[in-house]
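Chemist: This is what each chain is made of:
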Amino acid sequence: MSTNKPLPTPTEISAPYWNGLKEGRLTIPHCKSCGHWIFFPRRHCDKCWSQDLEWNEVEGTGTLYTYTLTRVPTLPDFTDEMPQKMAVVELDEGVRINTTLIGVDEAEIEVGMRVKPVFDTVKPDGSALLRFTSAGKDFPSRIDSTPAALAAAADAQASAEPAAVKRQVRFDDEAAMRAMVSETYSAWSNQIVVDQALIDEFARLSGDDYWIHTDPERARKQSPFGGTIAHGALVQVLQSRLRIPLDFEVVGFNNMVNYGSDRLRFPAPVPAGSRIHARSRVKSVEKLPKGTQLTMEIVTHVVGSERPSVINDLVILYM
Amino acid sequence: MGLKGNAAIVGAAQYKPEKYATAPRMFHLEQVADLAGRALADAGLKASDIDGLVLHGPQFHEAQVFVPAMAAEYLGLSLNFAEVVDLGGCSSVAAVWRAAMAVEMGLCQAVLCVIPARMAPFGPDEDPSWMARAMRFGGHSTAFGAPEAEFDLPYGHMGQNTGYAMIAQRYAAKYGYDPVAMAKIAVDQRTNALANPQASFFGKPLSIDDVLASKMVAEPLRVLEIVMPVAGGAAVIIASKEVAARAKNRGACITGFGEHLYFKSPTYATEMTDTPIGPAAERAFAMAGIKRSDIHAAQIYDCYTITVLLTLEDAGFAPKGEGMRWVREHDLTYKGNFPMNTHGGQLSFGQSGTAGGMSQVIEAFHQISGRAGDRQLKRCDTVFVSGTGGVMSEQGALILQGA
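Chains as they are written, first to last, in our numbering: chain E, 11 to 329; chain C, -15 to 387.
Calculated directly from the structure, the hints in this document are not laboratory data. Treat the hints loosely; a few may be bogus.
Claimed, not checked - Some, not all, of what chain E presents toward chain C, calculated at C-beta under 10 Å:
(1) Ser43
(2) His46
(3) Phe49
(4) Thr78
(5) Asp87
(6) Thr110
(7) Val114
(8) Gly122
Said to hold, decoys possible - Just a few of them, taken from the derived set where beta-carbon distance is under 7 Å, the chain C residues facing chain E:
(9) Phe128
(10) Asp136
(11) Leu137
(12) Gly140
(13) Met142
(14) Arg154
(15) Leu196
(16) Ala202
(17) Met212
Glycine is no exception: its CB is placed at the ideal position from the N, C-alpha and C atoms.
With the rest of the complex left out, here is chain E (with noise of 0.2 Å):
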């Protein structure tokens, strides 16, 4: 998950909640007057206004009260949850709870369905938040969704799935080449996360310091995005890291040269410790006197968002 979501900051008030939940315990206060159970966390009961309050541990199984579907983002930084299942989640005490779904095709959610907690770290240093799954899944009751950890998964997922055997086309062979043009893009490469550690590095490296990229702390007060964001050539060049499975290799050459770009877009920001993931495609193929010349258009997106953060037109000759 990027690092620009908001994030809770526990109180006095609620720290017991916050700390039950980096240890994958559900704790919410009760009521001793009426027996009333209280969430959120407050110092009194609000229904007899008692504050004789304990701490009591529950299972944290319940039923979906209502839920949503989000076609928009509430916010930009949420784009890798598209869409958000956003849920309010009625406990077995009684509490409600806004939460959000994890686990769960879009299909089976349905208002009434049981469900059960996960904890969900989404901090390095083990903060978690409260999300639920339905009752009948196999899915963990911990999970890890910092973005290290998400970027981990997903290259181990990728790497477990056989490698697709390549076509081999010469690069003279007009007819073939022509025919790898294509308006389908490829599979997604493997992730990687573009975090703030990065950012400095390449703002050191090209100079460009500008605090929009470089101050988390004014960023988070003045900028739109509510906080830092890379530099689009930084997420350009980042293209090198992102390994895309192709299912086709240009053969026979004796030489390859990088032309360099017909068309340099940033249409959408990466976030500061946003996870970005790219595919291509071979969008024309050109014979020339000294050889033939093939335009891959890649995109880089910010995992799970629609618009691309940068589209790329690459030129390359092989001769």
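On the provided structure of chain E, position chain C as indicated by the hints.
Modeler: Here is chain C on its own, set in the frame of chain E:
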């Protein structure tokens, strides 16, 4: 208990809704003075008649605190009563009944209720992106210790769209859902807007298919079921019988009101499909001593189509759970058997921030005073007006009756 109907709306003014980018920028104090002047001219009264002031408190540009004194000084008014309301989209309705109460208690002879909603000019040191940042969390507090900052925002629960969508989704599970009936609310209101040159969508017809084909934002709500934010601003003047007698227009007497709120996030409502307008409307009708069937028009706060549906049900016009059938069976246009949001509603008029709710109050006044132009109802003596803030959080109702 309640009002006797001795206070009436006698004058009104509102800016034509405009896109934020192209609307004139004016200081809020400047807008207050300008709107007040226009409302006074509409009423045929003079500034010295005004001795009460109700403003919307939050988001006032030139001050966060002491807003009424600053405005009184700027306007050159001597006041016996000054009030700010902070009830979001319910603020317009709330301002009107507070003003009526001050008049009926004998505190004031005429009260100005005004909500500026154009942007102010940027100062030399002001960061123009403040608005984008302020809008980022859509009315949700990010302050340390704010429950919503801690328990809503980290999950993406923010703004209004998803809250209303979740209410609609629960309604669907409890009572069923008919997207065509929901689209009809927007379409009937558009028919009304086609007879209102002041409306944002004047001259732009809309069909049910258009609504159903529009982009899904948060299921089941589509973009054409959601209001468009615009710049604007509005003012009304509420006066005593004595002052109303020398005003130009037929007054719209405030004979009943109600207000109800007990949560900010509908997650914590007793049942989120039973909205606070229920008790608010019940009180308003009881106070006015009239029945639902006595109403000639309903001006219902419409930030979303689902807001209208639930208000029709919970205010007692349609049976609970049968609102969609009821909407299919009624013609909600100014030509129809249940004239509703005859100015187009905010869905077709445009939502000028918290002044948006004033469009409903002013339309009721225009209908009662016989000045609604091409959309004027043949007979309009009694109008129901509702206001809604947040996510069905704070709701209010007015009964307005012709003097």
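Chemist: Taking the hints in turn, state whether each one holds.
Modeler: Structure-based check of all given hints:
For E:Ser43, the interface hint is violated, the least distance from its beta-carbon to any beta-carbon of chain C being 20 Å, above 10 Å. Interface restraint check for E:His46: the shortest CB-CB distance to chain C comes to about 13 Å, outside 10 Å, so the restraint is violated. A hinted interface residue such as E:Phe49 counts as satisfied when its beta carbon comes closer than 10 Å to some beta carbon of chain C; here the least separation is about 8 Å, so the hint holds. About 4 Å separates the beta-carbon of E:Thr78 from the nearest beta-carbon of chain C, less than 10 Å, and the hint is met.
At about 9 Å, the closest approach between the beta carbon of E:Asp87 and any beta carbon in chain C falls short of 10 Å, and the interface hint on this residue holds. At about 5 Å, the closest approach between the beta carbon of E:Thr110 and any beta carbon in chain C falls short of 10 Å, and the interface hint on this residue holds. Given hint, E:Val114 at the interface with chain C, is violated; its Cβ is 15 Å from that chain's nearest Cβ, farther than 10 Å. A hinted interface residue such as E:Gly122 counts as satisfied when its beta carbon comes closer than 10 Å to some beta carbon of chain C; here the least separation is about 7 Å, so the hint holds.
Because the smallest distance between the Cβ of C:Phe128 and any Cβ of chain E comes to about 6 Å, under 7 Å, the interface hint for this residue holds. This hint holds: C:Asp136 has a C-beta 5 Å from the nearest C-beta of chain E, less than the 7 Å allowed. Taken as an interface hint, C:Leu137 checks out: its beta carbon lies about 4 Å from the nearest beta carbon of chain E, inside 7 Å. Interface restraint check: C:Gly140 against chain E, minimum CB-CB distance 5 Å, threshold 7 Å, status holds.
With its C-beta approaching chain E no nearer than about 5 Å, C:Met142 sits inside the 7 Å limit, and its interface hint holds. Against a cut-off of 7 Å between C-beta atoms, the interface hint on C:Arg154 holds, since the closest Cβ of chain E lies about 4 Å away. Residue-level restraint check for C:Leu196 is violated (minimum Cβ-Cβ distance to chain E is 14 Å; threshold 7 Å). Restraint check, C:Ala202 versus chain E: the minimum CB separation of about 5 Å is within 7 Å; hint holds.
Annotation: interface hint on C:Met212 violated; nearest CB of chain E at approximately 15 Å, more than 7 Å.
Of the numbered hints given earlier, the model fails hints 1, 2, 7, 15, 17; all others are met.
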